[in-house]
Amino acid sequence: MKRRKFDVAAVPAKTAGAVDDRFQVATPLRKLLNKVFPDHWSFLLGEIALFSFVVLLLTGVFLTFFFEPAMTEVVYNGSYAPLRGTPMSAAYASSLDISFDVRGGLIMRQMHHWSALLFMASIVVHMLRVFFTGAFRKPRETNWIIGSLLFWVGFLAGFTGYSLPDDGLSGTGLRIASAIMLSIPVIGSWLTSSIFGGEFPGTIIISRFYIAHVLLIPGLLLALIGVHLGLVFKQKHTQWPGPGRTNENVVGERMFPRYALKQGGFFMVVFGVIALMGGLFQINPIWYFGPYEAWVVSAASQPDWYVMFLDGSTRLMPAWEVHIPIGDGYVIPPLFWPTVVLPGILVGISLAYPFLEARHLKDRKHHNLLQRPRDVPARTAAGAMALAFFVVLTLSGANDVIADKFQISLNAMTWAGRIGLLIAPPVAYYVTYRLCLGLQQHDREVLAHGVETGIIRRLPDGRFVEVHQPLASGDGHAELDYVGWVVPKKMNRLGALGPAIRGFFYPIEKPAEAPVSPGHPPVEPRTEREEIGSGEGRR
Amino acid sequence: MSTHTEHQAPQGRQPLDVLDPRVSRFDIVQEGARRDDIEIVHYEPQVVPGSKAERRMTRTVASFFLLTGLAATAFLIIYIWWPWQWHPGRGGDKYYTPLLGLTLGVALLGIGFGILTWGKKLLPKEVSIQGRHDGPGTAEDRKITGETMLYLAEEMGVRRRPLLGVSLVAGLLPVGAVAAAPLVGGLIKQPHENNQMFTTGFAPADGHKVRLVREDGRPIRPADISAGGQLTVFPGISHGVSNRHADSPTLLIHLRESDAVASREANARVGHEDYMWGNYAAFSKICTHAGCPASLYEQQTNRLLCPCHQSQFLITDNARPVFGPASRRLPQLPIEVDEEGFFVAKSDYTETVGPDFWERP
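Just so you know, the protein sequences line up as chains A and B, in that order. Letter by letter, the first sequence follows residues 579 to 1117 of this note's numbering. Letter by letter, the second sequence follows residues 654 to 1014 of this note's numbering.
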């Protein structure tokens, strides 16, 4: 019998060949491996959102194994002694069990909550980056819209999620949510009773929120995130202006080997930070809140941070009730404006912004190069205005805690918020606009006159002047054009300082030998730079 | 995109014969990049193979990975053997979750920083430039695609055969409604069933007035509350003290003499003359703003504060909202004392309890 030789070394190649025979992947795979990504720290903010979403999925699946989404009344008999014998919903009891009777359940719960907060936070910060650098402009308007929607879908995911434990705090939140639905004109009461299956709280809302939270909303999030990433991939990432970077190219690193490796490492870092937070920082200690009872509430009832701005707007809203004197009379409660109309306006403005700006500037061009915020003062100032609006509302969402901790009158805090909401945004606009102009001015100044060296020279007639290092070659008076890049403003940016001495505990005296590149001629050692002195040469 | 390969390459470059065995691997990589319109303009190893720097970096990366192994092992040991079940007091179980977080976090950060160091310090630095090719399709391409689509519409001939279009719409619309019907029909619920939005647990059943009871279900005598005191009370019916009657919790307040006089005057102004009993008044605890329990009672000013949105109600003036976003006073429950000396509700609330809505009269 002849035995066929089995060549282990040839297996990968053979397998790869077999796969390509069937799926024709060699060319697309090469394109993928080769794809060039521009690099900047601010491009990683969105990644944090993506990575925390992955952690959310992982920890969330774990939690579903133990959570019971039912409002059936049970008597608690778990390990947490202070609540033993208390009647409560099965949802709350199983959340307590996850915290106390499932080994490692508490860290999973806390990691889930922390990653949700991180998810929303990184979405917001990522959105600010995209806004202030103009990355939403044509051709990326669609992705801006998807991103804005992701915030609101994430908001829903968060709200349905923290309502599930059915504890004292989340039940109060749910009560407010039902009042918000109830406040919608005409359909309010029908909508509320349809969602809650009758009068608040009913017996089914937790089960409905559960399926929304674990299936419908994550499905929607996944779909939106998929399209979002697909579009980034298809349209290629924006890049900062810089040497060799144009509107028609992408300058950076290929996906493999370095970029993908760094992404993988970054994911593990985000995951690790969430694990640290989930273990070390307590969040949402539901066992202190007790089960939800319609007549119990405590002071300092705050929602998660991304809901606080709506809580703030609700607190600041004056008691303006609209009466419609037809028939028995109809009412639009004051709750309607800050919780339904305001978010509606915010969604509308954010979705329409790219088009509004393009229309205003009559801008039909493709933009693949980012703008420095200072170069577009109007947009930057508008962004600062929106941010100020958000911050005032968010602070007002905690105004009772601020009043308590700083011994301020609660009513004074409310009034400060009301007035602040009107005054802070325009002030933010004006200040930001002026700051942008000032920064622009300084950039031009440095380009025209050079970098301040810090060297003071005494002229023969006794005057003192500061020596400037011109950026342009020549006699020092050639003016440079501003091209949207960072202008160096310190001498060590120009390499005026010697290289920093390397080494952690002891200096590494010998500079490393110049490495040899297979694709590039050996790197020339850097030419010695003359230190800029006061005219007498080196000391 | 696949069309932009060879002809986009720098002028005068001969395509590399990648099957030639003499060609180095890097040359093949570079050729592959060129076929994707990528020029590797700078590729610079950061460490020389065999150098001290390389060995140092290798040790750093390795120690990160070893740290991960250590922390992960610690995690497993703690997970299995640390006392984890909750006990009262400051036992070791309070450190279970923090220790898990610490070891898991360090383990994951170890992998993360290990990979990052590997990628950032040991792999060559590079700068590559790729063309974007994000221009629109050529006029020709657009024309072809447009005509193809129009051709399809023409072949369908809806314009020539309008009956098809009309019947299609007429046939499909109901199908769409069918898709929505079970969802809407299943979920929709009449909000005014049993007049539930306008009644509470205090509505007299079968002519019997409902007693006010405490959280544990015991009825209340006037002497149970001292002057200036207050108590949360519930309807003395089955499940009265539960979320099934989330609109019913009521605050029973024993006002001091001077405040009671002011309250009675205020009651008289709105036609609620007999709502109080003696110096006792009962107001709904459910805020008319968003439905939180307005439960912080300030004895000195007779104000009731809702901690959710800080609406404040002045009890001595029919619980009128005096600050914050609430626009409607807290409904007052008419009370009296029955022949056995316990508080009862004379009738149900005469105003709508809870957050406001469109059709509240």
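Treat the hints as calculated values from the structure; they're not laboratory data. Honestly, I wouldn't trust all of these hints.
Claimed, not checked - Reference excerpt, derived from the structure (chain A facing chain B, CB under 10 Å, subset only):
1) 612
2) 688
3) 776
4) 778
5) 829
6) 872
7) 873
8) 902
9) 928
Said to hold, decoys possible - No farther apart than 27 Å at their CA atoms in a straight line, the calculated lysine-lysine pairs in the DSS-like style are these:
10) 716/A to 940/A
11) 943/A to 796/B
12) 999/B to 609/A
13) 862/B to 812/A
14) 796/B to 840/A
To be verified - If you want the ones that stay clear, here's a sample from chain A, every Cβ over 10 Å from chain B, calculated:
15) 682
16) 706
17) 818
18) 828
19) 1022
20) 1049
On a predicted model such as this, the values are computed, not experimentally measured, just so you know. In this text, a Cβ means the ideal position worked out from N, Cα and C, and glycines have one as well.
Here is what the structure says about each hint:
1. 612: holds (5 Å)
2. 688: Given a least distance of 7 Å, the restraint on residue 688/A holds.
3. 776: holds (6 Å)
4. 778: Result: holds, 6 Å to nearest chain B Cβ.
5. 829: Holds, about 5 Å.
6. 872: Holds. Min distance 4 Å.
7. 873: holds (4 Å)
8. 902: holds (9 Å)
9. 928: Hint on residue 928/A: violated, closest Cβ of chain B at ~24 Å, above 10 Å.
10. 716/A to 940/A: holds (12 Å)
11. 943/A to 796/B: holds (22 Å)
12. 999/B to 609/A: The hint is violated at about 81 Å.
13. 862/B to 812/A: violated (72 Å)
14. 796/B to 840/A: Status violated; Cα separation ~43 Å.
15. 682: The assertion about residue 682/A is violated, with a minimum of 6 Å to chain B.
16. 706: holds (25 Å)
17. 818: Per Cβ check, residue 818/A is outside 10 Å of chain B; nearest 14 Å; holds.
18. 828: At about 5 Å from chain B, residue 828/A fails to clear the 10 Å cut-off, so the statement is violated.
19. 1022: holds (29 Å)
20. 1049: Residue 1049/A clear of chain B: closest Cβ-Cβ about 23 Å, beyond 10 Å.
When each numbered hint is compared with the structure, violations occur for hints 9, 12, 13, 14, 15, 18.
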